[in-house]
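These are the residues of each chain, in order.
2 protein chains.
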Amino acid sequence: MRIYDLPASPNARRVRIFLAEKGLEIPMVPVNMMRGENQTEDYLKKNSLGRMPLLEFDDGTTISESIAICRYIEGTHPSPALMGSGALESATIDMWQRRMEFEFILPIISIFRHTAEMWKGRFVQIPEVAEQERIAVKARMEWLNKELDGKQFIAGGDYTVADITAQCAFVMAKAALDIRIPEDLENLNGWWARVTSRPSARA
Amino acid sequence: MRIYDLPASPNARRVRIFLAEKGLEIPMVPVNMMRGENQTEDYLKKNSLGRMPLLEFDDGTTISESIAICRYIEGTHPSPALMGSGALESATIDMWQRRMEFEFILPIISIFRHTAEMWKGRFVQIPEVAEQERIAVKARMEWLNKELDGKQFIAGGDYTVADITAQCAFVMAKAALDIRIPEDLENLNGWWARVTSRPSARA
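For the record, the sequence lines run as chains A and B. For what it's worth, this note's numbering labels the leading residue of the first sequence as 1, then goes sequentially. For what it's worth, this note's numbering labels the leading residue of the second sequence as 1, then goes sequentially.
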């Protein structure tokens, strides 16, 4: 079993943090997107969308999509639970995971794609999209700050995959776009300190 | 238990089809977004993002996000399985569900928001985004047509939540944007005939 990894990608990082929280190691194969290694005939046979991360089993079976890979790992290594147990808890964590994905990871990746030098010529960049997404991300940080009132972690008392999704979004926002959590958002800053002090944060 | 519904929304339709496939009925409460019923103080207490669908329990607990609602229903009513059983099958179906979401539902909703009369003034419309998304959706239909080669349904031999996501995307594409599956995409047309002939398609 191996994982085709894109080290700088927030989606690939989600899987690495998930594995670190489980105390698991799976060999990582870095794929260089800038050199087109994800568009070779061989790689497209593994993932016809040419994306990373990708989990590959020894028999050639593959699973793409970071959260689907996490779901497989959760199913085979349930402890510590990062996706909940029981119908209501699992659904609640899934809701929060998806909110973090749609409100943060997607717009933050979108800002990057619409502005970054490395995407010029590979993608039709529309600067106005990035401007609108920046406004939306700022508003969503204020929303999340309120939602964190009285909670240690995003889905409640325990660290879950929803925190992983959010922290990977904020890592990219800070590192690639210089979008930082405003100082006056106390709950969000408290949460950020809690998640980034976990050893898994450096995975 | 009740579901706050937005009848024309592809996301709300996903839940209704999921319930129909399970043979379940949950009372539906339509929410009129055009009249701002989703932005009232009362509704925002239920879902601070003001979105539909939303599952509400009698004790006031709520779950938003169509797929999280489906996950709750799957957990409490496992048969017929629409999200797989076992780690590998569940992860594979999740992968396909997410691909249908990111490659179809999201761009199709985006085209609608960036062009529809009803979104004028509620949202910064950028027509160039819609143009790019139309090109992407067309290319993705060709991709999905290839992926369906030799398969009855999107994740393989059985109808799953991945089919539900895709069919709701294509319903919206056709009804709201006049984007239709090109006639020469035989596998995709065959799949479309199979899913739309199910009684649940009219849910």
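Some hints could be false.
One copy or two, it doesn't matter: identical chains are merged, so the pair holds either way.
Unchecked claim - Straight line, CA to CA, 16 Å or less: simulated EDC-like cross-link-like pairs of lysine to aspartate or glutamate: (1) Lys46 to Glu56; (2) Lys151 to Glu186; (3) Lys45 to Asp59; (4) Lys138 to Glu183; (5) Lys146 to Glu89; (6) Lys46 to Glu147; (7) Lys174 to Asp149; (8) Lys46 to Asp58; (9) Lys45 to Glu147; (10) Lys174 to Asp59; (11) Lys45 to Glu56; (12) Lys22 to Asp184; (13) Lys151 to Glu41; (14) Lys46 to Asp158; (15) Lys45 to Asp149; (16) Lys174 to Glu37; (17) Lys151 to Glu128; (18) Lys22 to Glu89; (19) Lys174 to Glu128; (20) Lys45 to Glu89.
The hints are simulated quantities; they were obtained by calculation from the structure and are not laboratory data. Everything numeric in this text was worked out from a predicted model, so none of it was measured.
Hints versus structure:
no., hint, result
1, Lys46 to Glu56, "within (8 Å within a copy, 41 Å between copies)"
2, Lys151 to Glu186, "within (12 Å within a copy, 51 Å between copies)"
3, Lys45 to Asp59, "within (14 Å within a copy, 49 Å between copies)"
4, Lys138 to Glu183, "within (12 Å within a copy, 44 Å between copies)"
5, Lys146 to Glu89, "neither (21 Å within a copy, 37 Å between copies)"
6, Lys46 to Glu147, "between (39 Å within a copy, 12 Å between copies)"
7, Lys174 to Asp149, "neither (23 Å within a copy, 42 Å between copies)"
8, Lys46 to Asp58, "within (12 Å within a copy, 46 Å between copies)"
9, Lys45 to Glu147, "between (42 Å within a copy, 11 Å between copies)"
10, Lys174 to Asp59, "neither (39 Å within a copy, 40 Å between copies)"
11, Lys45 to Glu56, "within (12 Å within a copy, 43 Å between copies)"
12, Lys22 to Asp184, "neither (33 Å within a copy, 47 Å between copies)"
13, Lys151 to Glu41, "neither (47 Å within a copy, 22 Å between copies)"
14, Lys46 to Asp158, "neither (35 Å within a copy, 22 Å between copies)"
15, Lys45 to Asp149, "between (46 Å within a copy, 14 Å between copies)"
16, Lys174 to Glu37, "neither (27 Å within a copy, 36 Å between copies)"
17, Lys151 to Glu128, "neither (35 Å within a copy, 41 Å between copies)"
18, Lys22 to Glu89, "neither (19 Å within a copy, 21 Å between copies)"
19, Lys174 to Glu128, "neither (20 Å within a copy, 28 Å between copies)"
20, Lys45 to Glu89, "neither (36 Å within a copy, 20 Å between copies)"
Going down the numbered hints, you'll see the structure goes against 5, 7, 10, 12, 13, 14, 16, 17, 18, 19 and 20, while the others check out.
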